[in-house]
Amino acid sequence: MHLHRSEVLIIGGGISGIATALDLLDGGKSVLLFDRDEAGAFGGLARESFGGMFFVDSPEQRRLGIRDSAIWRCAIGTTSLSSARKISGPGRGRKPMFSAARRTSIAGCAAMASAFSLLSTGSSAANSAPAIPCRVST
Amino acid sequence: VTWGTGKGLAETLIGALRGHANAKRLTVHFRHRVDRLLTRDGGVGGCEGVDETSGTPFEARAENVVVAGGGINGDLDRVRQNWHRHWNGPPAKLLNGSHRFADGRLHDAAVAAGGVLSHLDKMWNYAAGVHHPRPRKPHHGLSLVPPRSALWLNWRGERIGPQPLVSGFDTRRLVTDICAQPRQYSWQIMNRRIALKELAVSGAEHNPSIRDRKPLGFLRDILLGNRWLVKEMIDHCPDFVVAATLPELVEKMNALQGDQSVQLADVQDAVGQYDATIARGRNLMNDEQLRRIAELRQYRGDRIRLCKFQPINDARALPLIAVREFIISRKSLGGMRTDLNSRVIDAAGRPIEGLYAVGEAAGFGGGGMHGLRALEGTFLGGCILSGRIAAAAIDGRSSFLNAGETT
Chain A
242 MHLHRSEVLI IGGGISGIAT ALDLLDGGKS VLLFDRDEAG AFGGLARESF
292 GGMFFVDSPE QRRLGIRDSA IWRCAIGTTS LSSARKISGP GRGRKPMFSA
342 ARRTSIAGCA AMASAFSLLS TGSSAANSAP AIPCRVST
Chain B
211 VTWGTGKGLA ETLIGALRGH ANAKRLTVHF RHRVDRLLTR DGGVGGCEGV
261 DETSGTPFEA RAENVVVAGG GINGDLDRVR QNWHRHWNGP PAKLLNGSHR
311 FADGRLHDAA VAAGGVLSHL DKMWNYAAGV HHPRPRKPHH GLSLVPPRSA
361 LWLNWRGERI GPQPLVSGFD TRRLVTDICA QPRQYSWQIM NRRIALKELA
411 VSGAEHNPSI RDRKPLGFLR DILLGNRWLV KEMIDHCPDF VVAATLPELV
461 EKMNALQGDQ SVQLADVQDA VGQYDATIAR GRNLMNDEQL RRIAELRQYR
511 GDRIRLCKFQ PINDARALPL IAVREFIISR KSLGGMRTDL NSRVIDAAGR
561 PIEGLYAVGE AAGFGGGGMH GLRALEGTFL GGCILSGRIA AAAIDGRSSF
611 LNAGETT
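From first to last, the protein sequence lines stand for chains A and B. With the numbering used here, you'll find the first sequence wraps up at 379, consecutive numbering, no jumps. With the numbering used here, you'll find the second sequence wraps up at 617, consecutive numbering, no jumps.
The set of hints was computed from the structure by calculation and includes no laboratory data. C-beta atoms are modelled at their ideal positions from N, C-alpha and C, and glycine is treated no differently. There could be a bad hint or two in this list.
The list that follows gives simulated cross-link-like pairs (lysine to any residue, SDA-like), each with its CA atoms no further than 25 Å apart [claimed, not checked]:
id : chain 1 : residue 1 : chain 2 : residue 2
1  : B       : K234      : A       : E248
2  : B       : K347      : A       : A280
3  : B       : K424      : A       : E301
4  : B       : K303      : B       : K234
5  : B       : K234      : A       : S271
6  : B       : K347      : A       : A282
Computed footprint of chain A on chain B, listed as stretches where at least three residues anywhere in the stretch have a Cβ under 8 Å from a Cβ of chain A [stated by the list, open to error]:
id : stretch
7  : 211 to 219
8  : 311 to 319
Put together the whole structure using the sequences plus the hints.
Shown next, in the form of structure tokens:
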């Protein structure tokens with residue numbers, strides 16, 4: 242029996258485990274990551290994916306004259322992650338993440354994308370998120 | 211789409227991990243299978259499993275444990291057990307387009323630690339799976355991006371309707387309509403011209419020009435047709451058959467299926483009516499598939515990869531190609547329920563101390579944030595977002611978690 246110790250343990254080396262590890266390293270945590278696959282398969286299913294990413298207010302959209310913003314407005318008149326938080330916060334409790342967004346898939350995606358955009362721009366300068374040349378398909 | 215596909219994204223982030231200023235604080239162990247989560251004072255404080263290289267068991271202890279092990283769709287038995295009620299019972303044959311280790315083992319471990327699973331019947335499966343030409347796991351499938359100018363027929367060779375199946379509008383409905391048939395697989399009939407212009411395979415492996423970031427190759431594929439892919443599929447994929455005439459094509463379809471289920475008369479009817487509708491000209495093209503093609507062609511990005519009202523049985527576009535397509539399992543839209551900080555919650559809705567779930571293991575966030583359907587581009591994003599939220603929660607960075615409220 243081998244015993245490992247660490248502050249944080251991540252099980253799975255796909256894109257979510259890697260993103261988690263990157264931010265934890267930014268914060269100086271010690272991280273132990275286990276993956277069942279070979280080292281060459283690091284990255285999991287994301288490695289085999291086409292790489293579609295949803296963006297808000299991208300340069301391509303602006304070039305085509307499509308107006309967009311990181312604030313999601315839906316029928317209930319609230320905004321992105323903050324709305325999901327407020328609706329699932331005290332009083333309504335115990336709802337899964339983005340409960341408001343789950344009303345429709347499109348709204349859910351918009352909320353997710355805008356939340357992601359907000360969080361990305363709001364994070365620290367020391368952030369490890371790399372610059373990847375991207376094109377937007379949707 | 212990421213230039214370099216998901217492979218480029220993964221390798222870039224792995225490079226960022228390896229080159230990180232704190233890289234020494236990260237230890238990665240491959241070929242380590244985790245079987246159980248270790249509980250501690252009502253919370254979770256580690257895991258145990260087996261090092262599959264040596265066969266020796268291991269144990270790990272940590273203040274916080276993040277489950278990022280993917281969904282359940284790599285295990286076709288679990289896919290069948292969680293088959294959605296809209297889909298008329300699971301098909302006799304399913305292909306596997308998920309990860310071989312996305313088998314739900316960690317879902318069981320999370321439940322044993324008090325977690326709750328939700329929305330597992332909501333899945334992102336595709337309608338047009340074919341056998342992988344070079345399989346690396348049992349029932350290994352490839353998901354075709356179904357050509358929109360092809361005719362989509364049921365197991366007998368009848369055009370599926372009354373609304374014809376056209377990809378790119380509602381992927382889930384394609385699955386629903388095919389599963390409503392007595393035999394839950396389908397055929398697409400096209401010709402070489404359609405295949406060259408429109409045939410594509412989802413994922414990195416079969417888009418090498420984009421994956422390997424070769425702009426000239428990418429341009430060549432668009433302008434001249436994807437000759438490499440069409441040849442690879444015709445030569446090596448068992449679900450592709452090619453013939454010069456419809457009778458010969460149907461004969462080969464039946465030989466592939468091993469029975470006489472495809473009716474030549476039905477295929478001739480479907481192809482004949484469709485081709486005749488095109489021959490009548492734009493003003494009288496009363497067909498929903500042709501209307502959709504016309505609409506799609508208004509956008510330049512679609513126009514360059516769509517034929518212009520291409521008949522099937524067209525002497526200038528032969529040979530004919532038929533593709534047998536199975537439902538292929540891909541992604542779990544449900545998973546471990548979490549709160550807004552990616553903390554796994556128990557049946558009473560209380561967070562389990564020290565346990566987080568992110569990515570597809572948590573249905574891309576929360577235990578299923580998509581609902582019944584999903585949009586292209588929301589999977590990688592959900593994985594990254596839920597992971598970053600877990601890291602911020604572990605670090606106690608409330609500024610990150612509340613970013614949406616302050617903007």
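Evaluated hints:
no., hint, in the structure
1, B:K234 to A:E248, "holds, 14 Å"
2, B:K347 to A:A280, "holds, 18 Å"
3, B:K424 to A:E301, "holds, 21 Å"
4, B:K303 to B:K234, "violated, 47 Å"
5, B:K234 to A:S271, "holds, 8 Å"
6, B:K347 to A:A282, "holds, 14 Å"
7, 211 to 219, "holds (count 9)"
8, 311 to 319, "holds (count 3)"
Checked against the numbered hints given earlier, this structure breaks only hint 4.
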